[in-house]
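Respectively, the protein sequence lines represent chains A and B. Under my numbering, the first sequence has 234 at position 234, and the numbering climbs by one with no breaks. Under my numbering, the second sequence has 1360 at position 360, and the numbering climbs by one with no breaks.
Accuracy of the hints is not assured; some may be wrong.
Taking lysine to any residue and the SDA-like style, the derived pairs with C-alpha atoms no more than 25 Å apart in a straight line are [stated by the list, open to error]:
| no. | chain 1 | residue 1 | chain 2 | residue 2 |
| --- | --- | --- | --- | --- |
| 1 | B | Lys1258 | B | Gly1378 |
| 2 | B | Lys1279 | A | Met197 |
| 3 | A | Lys246 | B | Glu1160 |
| 4 | A | Lys51 | A | Lys112 |
| 5 | A | Lys51 | A | Asp127 |
| 6 | A | Lys202 | B | Gln1337 |
| 7 | B | Lys1334 | A | Ala199 |
| 8 | B | Lys1068 | A | Gly31 |
| 9 | A | Lys17 | B | Lys1068 |
| 10 | B | Lys1258 | A | Gly31 |
| 11 | A | Lys33 | B | Phe1291 |
| 12 | A | Lys248 | B | Glu1044 |
| 13 | A | Lys248 | B | Glu1136 |
| 14 | A | Lys246 | B | Phe1291 |
| 15 | A | Lys83 | A | Ile151 |
| 16 | A | Lys246 | B | Lys1024 |
| 17 | A | Lys248 | B | Gly1055 |
| 18 | A | Lys246 | B | Asn1166 |
| 19 | B | Lys1345 | A | Tyr190 |
| 20 | B | Lys1258 | B | Phe1291 |
| 21 | A | Lys201 | B | Ser1341 |
| 22 | A | Lys33 | B | Ser1326 |
| 23 | B | Lys1258 | A | Asp227 |
| 24 | A | Lys246 | B | Gly1055 |
Just so you know, these hints were derived from the structure itself, not from any lab. Here the structure is a predicted model, which means the values were calculated and not measured.
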Amino acid sequence: MARVLVGVKRVIDYAVKIRVKPDKTGVVTDGVKHSMNPFDEIAVEEAVRMKEKKLASEIIAVSCGPTQAQDVIRTALAMGVDKGIHVEVSGAEYETLQPIHVSKILAKLTEKEKADMIIVGKQAIDDDSNQTAQMTAAALDWPQATFASKIENGDKEITVTREVDGGLETIKCKLPAVISADLRLNEPRYATLPNIMKAKKKPITKMTPKDLGVDVSPRITVVSVEDPPVRQAGAILPDVDALVGKLKEGGHI
Amino acid sequence: MLKNVSRALLREGRKVYKHKLHSKPNFTKNNYDVVRGNYNYVEEEHLNYFRSLLGESRIFTDLSDLEKYNVDWNRYLRGASQIVLKPKTTEEVSKILTFCNHHRLAVSPQGGHTGMVGGATPVFDEVIISTELMNEIISLDEKAGILTCLAGCVLQNLDEYLAERNLIFPLDLGAKGSCQIGGNVSTNAGGLRVLKYGNLHGNVLGLEAVQANGVVLDFLTCHKKDNTGYHLKHLFIGSEGTLGVVTKVAVQCKLRPKSLHVAFLGLQSFDKVLQTFYKAKQDMDEILTAFEVIDAPSMDLVTSKLELESPIGDYPFYVLIETTGSNEEHDEEKVNQFLESCLKKHHILNGTVTGEISKARGIWQLREKIPEAFKYDGYVFMYDISLPLDHYYKLVDDMREYMGDKSHRVYGFGHIGDGNIHLQISVKEFSPEMKSFIEPYIFHQTKKYNGSISAEHGMGFLKAKYLHMMKTPETINLMKNVKQMMDPNGILNPYKVLV
Ligand SMILES: Cc1cc2nc3c(=O)[nH]c(=O)nc-3n(C[C@H](O)[C@H](O)[C@H](O)COP(=O)(O)OP(=O)(O)OC[C@H]3O[C@@H](n4cnc5c(N)ncnc54)[C@H](O)[C@@H]3O)c2cc1C
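Go ahead and model the full structure; you've got the sequences and the hints to work with.
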């Protein structure tokens, strides 16, 4: 049975309207609702399902970020993950933390925890990098199965259906492997109260990148963050009659 | 770019509704026992006047354009109006009413046309005055939290506008994407936040309305305290377009709460629902924003017809609790303690709780979308009833027994925090016999339990003839005198409320 490591990132809730800081150095995060990156939630759900089907023995959720990153670890624990690791990165360091850093941290932890499967979301909805799975696979020299919309576990290998441009691709790869979860892989559960309570007793280990020997010094500087150009919301109408109706309704014709 | 795609997918991608709509409703005048009043018909000369006032583009006379104005949201009623007028200003409304009053043309004021009792749907050929284009925000006093706008502003647009400025509209309801503030005020809409913010009689600080004879009444002073004479603006809150057309509204808006929690719980019985409600009041009354109940058949309806899913499995009753407050940590602690003790005391069997907006929205869908599922369940007779909490669900049980196999689904859900239940009876199709089998029996039962036969939807066309069950002859008489004085020709929304 596999030991599964999942990556969970704390991001601004996707229902929140993003605001750029007046000095254009980033977006406003203070006092803004955060939640688990939706694709990571899918990764967690998949791992928990594997455990329920007795295909996984233990699930470890890892989050790199400031203290509040523990909130998303708790969420993962409430969904059914066994234990959490919080790698503390905060302040300016967190602002320039990139997939290259995170993948090194994940690789180290994988060795430490003797995991043989890593599942992460295909991308985080804040920086949209879509690199962590790929770089982690490289760091470990493991095979990768990205954009998974279906995973079938075999004994020593997995069969993964991938969402590729205009279709699906099915691949097999040997374990250990790195998988990235796409939107249609599953629909994550809502944690139930008894599980939320149980999660409070599950352990979260805290460490720093330094403890793992990973250098997180910045490789980029953020020059400027800008709002997208505003445009009027559009609407898709079924036919010409509907269009004419709408135009009349608005008093345009 | 990728982000936009992924967010859009997350929002919409999973839920694809695939059901048929039922067919066009019959004309109301054929389905119901109602006689056209002594009004004039719209003639070419009237049309010419309206054209000169509004121009060609703000008058609809094409029957296919008129469809959505003639057929109500539930598709139960069909009016036979030949004309929709779309004023943009109070002055235009005033001129239209002056003219209609003079020429004895009956009118139907219409907002978003989401009303549940046919209040805005013409019955015969009333002239429809739509406030659709009166959609401007006039001012916002951010410090005092006073929003002043024209009557046609869509509720959701107002709330989004306020959200940008850290304020919240005191009213929220499932129809927010379509209903308009003028319609909300005219129905004294209740909705999902009454528990915390109270109803519109408290939150509307001022309004402007046009009387049947075109006279503009200005109650826009906007003082929180203003005891100078009779509080006449309240006549327009909940009078469903029968006393005047509301043209402007000023609303008191609170600061938008920073913290939000939504819990969704499964319970064994209605008694447990009540116990949980009292416990919630004890433990966290100051942050309680909504306490909603859903019974099993309602949940079955919304999950089977709209492809939504209960996040916690199947239970006889469900409760949705929302709290909002100013301190995330404090609120979370209160909510968690409350939930833990409910589990311990066996008030609840299971549940889930979230402080994440996106998840909270997902849960709210289960409650808010129930009315949307009606149209896939045959013909639904719906009732909006206030009841003392001890009898709150008894009426549903009564009606289920009374209907026997005449109905395939008798179900209730609603705002338990306000003692307001929405009780539905689904049957295969509408028939006058079925209607008279259900009504007035259900209203007698309601009365027996000391309830009100219309909690928040109003009397409109569909409930009007039962007003006498709720009000004494003396009070009805006074209402009639008020109506007679304010609208002597009876041109404003005839066949509604007082009949
Ligand atoms: C999905 C759904 C959920 C709903 N949930 C709730 C709920 O939780 N609580 C609740 O109370 N209601 C609810 N409703 C009912 C409805 O949305 C409300 O009654 C709403 O306030 C109606 O607003 P509207 O703009 O659509 O008004 P309309 O339907 O257009 O009109 C309603 C009445 O007001 C009159 N009117 C409209 N505008 C004016 C005006 N400017 N001046 C004078 N009279 C006017 C009309 O003549 C009519 O009598 C719901 C409806 C739907 C479809």
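Results of checking the hints against the structure:
1. B:Lys1258 x B:Gly1378: The hint is violated at about 42 Å.
2. B:Lys1279 x A:Met197: This hinted pair holds, its Cα atoms lying about 19 Å apart.
3. A:Lys246 x B:Glu1160: It holds: about 22 Å lies between the C-alpha atoms, which stays within 25 Å.
4. A:Lys51 x A:Lys112: holds (20 Å)
5. A:Lys51 x A:Asp127: violated (30 Å)
6. A:Lys202 x B:Gln1337: holds (19 Å)
7. B:Lys1334 x A:Ala199: holds (18 Å)
8. B:Lys1068 x A:Gly31: Violated, because 43 Å separates the two Cα atoms, which is more than 25 Å.
9. A:Lys17 x B:Lys1068: Between Lys17 of chain A and Lys1068 of chain B the Cα gap is close to 33 Å, so the pair fails against 25 Å, i.e. violated.
10. B:Lys1258 x A:Gly31: Judged against 25 Å, a Cα distance of about 8 Å means the pair holds.
11. A:Lys33 x B:Phe1291: OK: Lys33 of chain A and Phe1291 of chain B at ~23 Å, within 25 Å.
12. A:Lys248 x B:Glu1044: With Cα atoms ~21 Å apart, Lys248 of chain A and Glu1044 of chain B stay inside 25 Å; holds.
13. A:Lys248 x B:Glu1136: holds (18 Å)
14. A:Lys246 x B:Phe1291: violated (38 Å)
15. A:Lys83 x A:Ile151: holds (23 Å)
16. A:Lys246 x B:Lys1024: holds (21 Å)
17. A:Lys248 x B:Gly1055: holds (12 Å)
18. A:Lys246 x B:Asn1166: Not satisfied, since the Cα-Cα distance of roughly 32 Å exceeds 25 Å.
19. B:Lys1345 x A:Tyr190: Given that 25 Å is the threshold and the Cα spacing comes to 23 Å, the pair holds.
20. B:Lys1258 x B:Phe1291: Holds. Lys1258 of chain B to Phe1291 of chain B sits at ~19 Å (cutoff 25 Å).
21. A:Lys201 x B:Ser1341: holds (17 Å)
22. A:Lys33 x B:Ser1326: OK: Lys33 of chain A and Ser1326 of chain B at ~13 Å, within 25 Å.
23. B:Lys1258 x A:Asp227: Since the Cα atoms of Lys1258 of chain B and Asp227 of chain A sit roughly 24 Å apart, the hinted pair holds (cutoff 25 Å).
24. A:Lys246 x B:Gly1055: holds (17 Å)
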